[in-house]
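Sequence lines, in order, name chains A and B. The letter at position 250 of the first sequence is residue 250 when you use UniProt numbering, and the numbering goes up by one with no holes. The letter at position 69 of the second sequence is residue 69 when you use UniProt numbering, and the numbering goes up by one with no holes.
There's no promise every hint is true.
Stated by the list, open to error - Each computed BS3-like pair below joins lysine-lysine, with the alpha-carbon atoms no more than 27 angstroms apart:
#, chain 1, residue 1, chain 2, residue 2
1, A, K290, B, K119
2, A, K176, B, K126
3, A, K290, B, K138
4, B, K67, B, K138
5, B, K194, A, K176
6, B, K67, A, K174
7, B, K21, B, K67
8, A, K176, B, K21
Said to hold, decoys possible - A few chain B residues that face chain A, going by a derived Cβ cut-off under 8 angstroms, partial list only:
#, residue
9, M78
10, F91
11, N95
12, R160
13, V164
14, D167
If you're looking for bench data, these hints aren't it; they were derived computationally from the structure. Ideal Cβ placement from N, Cα and C applies to all residues, glycine included.
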Amino acid sequence: MNAKLADRIATAIIVAVSGFIVLLLAGLLGYIMVRGLGHFSYDFLTSPPETIRAGGGIGPQLFNSIFLLVLTMLITIPLGLGAGIYMSEYARPGKFTDFIRLLVEVLSSFPSIVVGLFGLLVLVNAFDLGFSLLAGALALTVFNLPLMVRITEQGLKSVPREQKEAGLALGLSKWKTIRSIMLPVAIPVILTGTILAAGRVFGEAAALLFTAGMSSPRLDFTDWNPLSPFSPLNPMRPAETLAVHIWKVNAEGLAPDAAEIAAGASAVLVLTVLLFNLAARWLGRFMYRKFTATK
Amino acid sequence: MTALIEIENLDLYYGDFQALKSISMDVPEKAVTAFIGPSGCGKSTLLRSLNRMNDLIAGTRIEGSIKIAGEEINTSGMDVEHLRKRVGMVFQQPNPFPKSIYENVAYGPRLYGINQRKKLDELVEKSLRSAALWDEVKDHLKRSALGISGGQQQRLCIARALAVNPDVLLMDESTSALDPISTLKIEELVQELKNEYTIVMVTHNMHQAARVSNQTVFFLNGEVVEYADTETLFSTPSDRRTEDYISGRFG
Ligand SMILES: Nc1ncnc2c1ncn2[C@@H]1O[C@H](COP(=O)(O)OP(=O)(O)OP(=O)(O)O)[C@@H](O)[C@H]1O
Ligand SMILES: [Mg+2]
Numbered sequence: 001m002n003a004k005l006a007d008r009i010a011t012a013i014i015v016a017v018s019g020f021i022v023l024l025l026a027g028l029l030g031y032i033m034v035r036g037l038g039h040f041s042y043d044f045l046t047s048p049p050e051t052i053r054a055g056g057g058i059g060p061q062l063f064n065s066i067f068l069l070v071l072t073m074l075i076t077i078p079l080g081l082g083a084g085i086y087m088s089e090y091a092r093p094g095k096f097t098d099f100i101r102l103l104v105e106v107l108s109s110f111p112s113i114v115v116g117l118f119g120l121l122v123l124v125n126a127f128d129l130g131f132s133l134l135a136g137a138l139a140l141t142v143f144n145l146p147l148m149v150r151i152t153e154q155g156l157k158s159v160p161r162e163q164k165e166a167g168l169a170l171g172l173s174k175w176k177t178i179r180s181i182m183l184p185v186a187i188p189v190i191l192t193g194t195i196l197a198a199g200r201v202f203g204e205a206a207a208l209l210f211t212a213g214m215s216s217p218r219l220d221f222t223d224w225n226p227l228s229p230f231s232p233l234n235p236m237r238p239a240e241t242l243a244v245h246i247w248k249v250n251a252e253g254l255a256p257d258a259a260e261i262a263a264g265a266s267a268v269l270v271l272t273v274l275l276f277n278l279a280a281r282w283l284g285r286f287m288y289r290k291f292t293a294t295k
Numbered sequence: 001m002t003a004l005i006e007i008e009n010l011d012l013y014y015g016d017f018q019a020l021k022s023i024s025m026d027v028p029e030k031a032v033t034a035f036i037g038p039s040g041c042g043k044s045t046l047l048r049s050l051n052r053m054n055d056l057i058a059g060t061r062i063e064g065s066i067k068i069a070g071e072e073i074n075t076s077g078m079d080v081e082h083l084r085k086r087v088g089m090v091f092q093q094p095n096p097f098p099k100s101i102y103e104n105v106a107y108g109p110r111l112y113g114i115n116q117r118k119k120l121d122e123l124v125e126k127s128l129r130s131a132a133l134w135d136e137v138k139d140h141l142k143r144s145a146l147g148i149s150g151g152q153q154q155r156l157c158i159a160r161a162l163a164v165n166p167d168v169l170l171m172d173e174s175t176s177a178l179d180p181i182s183t184l185k186i187e188e189l190v191q192e193l194k195n196e197y198t199i200v201m202v203t204h205n206m207h208q209a210a211r212v213s214n215q216t217v218f219f220l221n222g223e224v225v226e227y228a229d230t231e232t233l234f235s236t237p238s239d240r241r242t243e244d245y246i247s248g249r250f251g
């Protein structure tokens, strides 16, 4: 067989495989959208769910998902950045550092249901947080943090060594070099990774069943005092997220339109994650241009 | 000529490997000193010892003395950041910061406390002029430094180093990644700069050393083989190995 023919066959196979995957994804996405979009309305997105009657919405769940995401990110971003910077720039290479890195890897590949049960035992019971947004956020931190550490490390490693040396050779301290030369270069990578990680948090259900809980109190969207029990902002209240809601409606929904609600909620979930991804790209590029003054 | 840098019995080890062996030499002030020698003989290592960039490499050990303007730099108490401000460096690959042209030059001065817009503007212009780049970039100082040519980037890096007003400028094969015209520009620039700065350059290009430098040091396997006036070293080398090397018989 000559090289040209081999090349053609290989190309054809690769194109076929990629095409198949794209079709599969497009089909899946299309299916979810077609089934769900019909159910979209302002009312659906904002009103609370109904238990037995038709016409319930997903307002509180959508809010819970977003709020939980914000809480999780508030915890993970500073911790992950700090640990990532340490691992990439300060930790001496050696057995101990490799060991920490291994632990981080293992942590990030924990099955989420295990993390959920861990959260139930430790956060909800031992630390007495109860079913709460805070417990949920901390459980999500367990697998989001390793991701964040790795993203930060990768981001910093992607900075050309020459630029780091340029900073140091100019008389900048190590921290100053990291902060003002390396981080700006790394930020697009870190930001993109962070938003993708956020997408994962948004879709998580299993880890939240036993930590953030499967119910929401009747939220009072006029009460924004984080300490009052019916305030949407109270981090100590239980909160059912969108992903958990989909699971619950599918498993034990009594409302006559349970299937439509699940489909609608799924579409919302997928769309949101899609938006996250688009935002990640756009923001990453925007930041890169801003920090590097390139067009 | 007075010596600005005095190196005495300098040994440097990367782990078990001794990269510099008992180096002693004086680098004269406001002149160009060239380091030549085959790959791996320790030129960069010695150059990077002068601004303590070898500190970044884990496992290096250094013995002996380096004095710059009479001050010993190989002490734990040495303010390395201040040292690096006095001893600027230009690398082999142009490495501008991914910022605008202006910001690249203004970065150092700002770090050292110059914040007035007018002062910065002046300094940026002066440094860019000194680096023979001003005329080419003065109309788009806000553009990314990554968008200009390699030769321009390298001159920008020189301007960036000059902006903090160093005494010494180290150049490690700073023209080897550039085209002949850019190389020539930088060589001319070095001729200008030696009136104000002490320049130490590493080069693989024998002609460049002969054209540009006042003193030349020939290294072999971590040792100084010969150190002389450039003219003397290239016309009547006193060591057989130097002669072999400059006539292209090895290396
Ligand atoms: N980080 C390092 N760890 C261990 N050995 C090193 C390190 N850097 C350099 N060396 C060794 O030290 C010796 C001198 O290296 P150096 O980079 O100073 O050579 P050089 O003369 O600049 O060579 P070139 O002309 O190729 O740039 C070489 O044998 C090199 O292998
Ligand atoms: Mg070298």
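Given D167/B as an interface hint, is the shortest Cβ-Cβ distance to chain A below 8 angstroms? violated, 13 angstroms
Regarding the hint that F91/B lies at the interface with chain A, is the smallest CB-CB distance below 8 angstroms? Holds: closest Cβ of chain A sits about 6 angstroms from F91/B, inside 8 angstroms.
Holds or violated: are the alpha carbons of K194/B and K176/A at most 27 angstroms from each other? violated, 31 angstroms
Does K174/A lie within 27 angstroms of K67/B when you go C-alpha to C-alpha? Given pair K67/B, K174/A holds - Cα atoms ~24 angstroms apart, limit 27 angstroms.
Under the criterion that the straight-line Cα-Cα distance not exceed 27 angstroms, is the pair K290/A, K138/B satisfied? holds, 21 angstroms
Need the status of pair K176/A, K126/B: alpha-carbon distance at most 27 angstroms? holds, 26 angstroms
K176/A and K21/B: Cα distance at most 27 angstroms? Violated, at about 34 angstroms.
Within a Cα-Cα threshold of 27 angstroms, do K290/A and K119/B meet the stated pairing? holds, 25 angstroms
Sort out whether K138/B lies within 27 angstroms of K67/B, counting only the CA atoms. violated, 39 angstroms
The hint names M78/B as touching chain A; please verify it with the least Cβ-Cβ distance against 8 angstroms. Since chain A brings no Cβ nearer than about 13 angstroms to M78/B, farther than 8 angstroms, the hint is violated.
Agreement of K21/B and K67/B with the hint, judged by alpha carbon distance not exceeding 27 angstroms: holds, 17 angstroms
Restraint: V164/B near chain A, CB-CB cut 8 angstroms. Satisfied or not? holds, 7 angstroms
Of the numbered hints stated above, those contradicted by the structure are hints 4, 5, 8, 9, 14, listed in ascending order.
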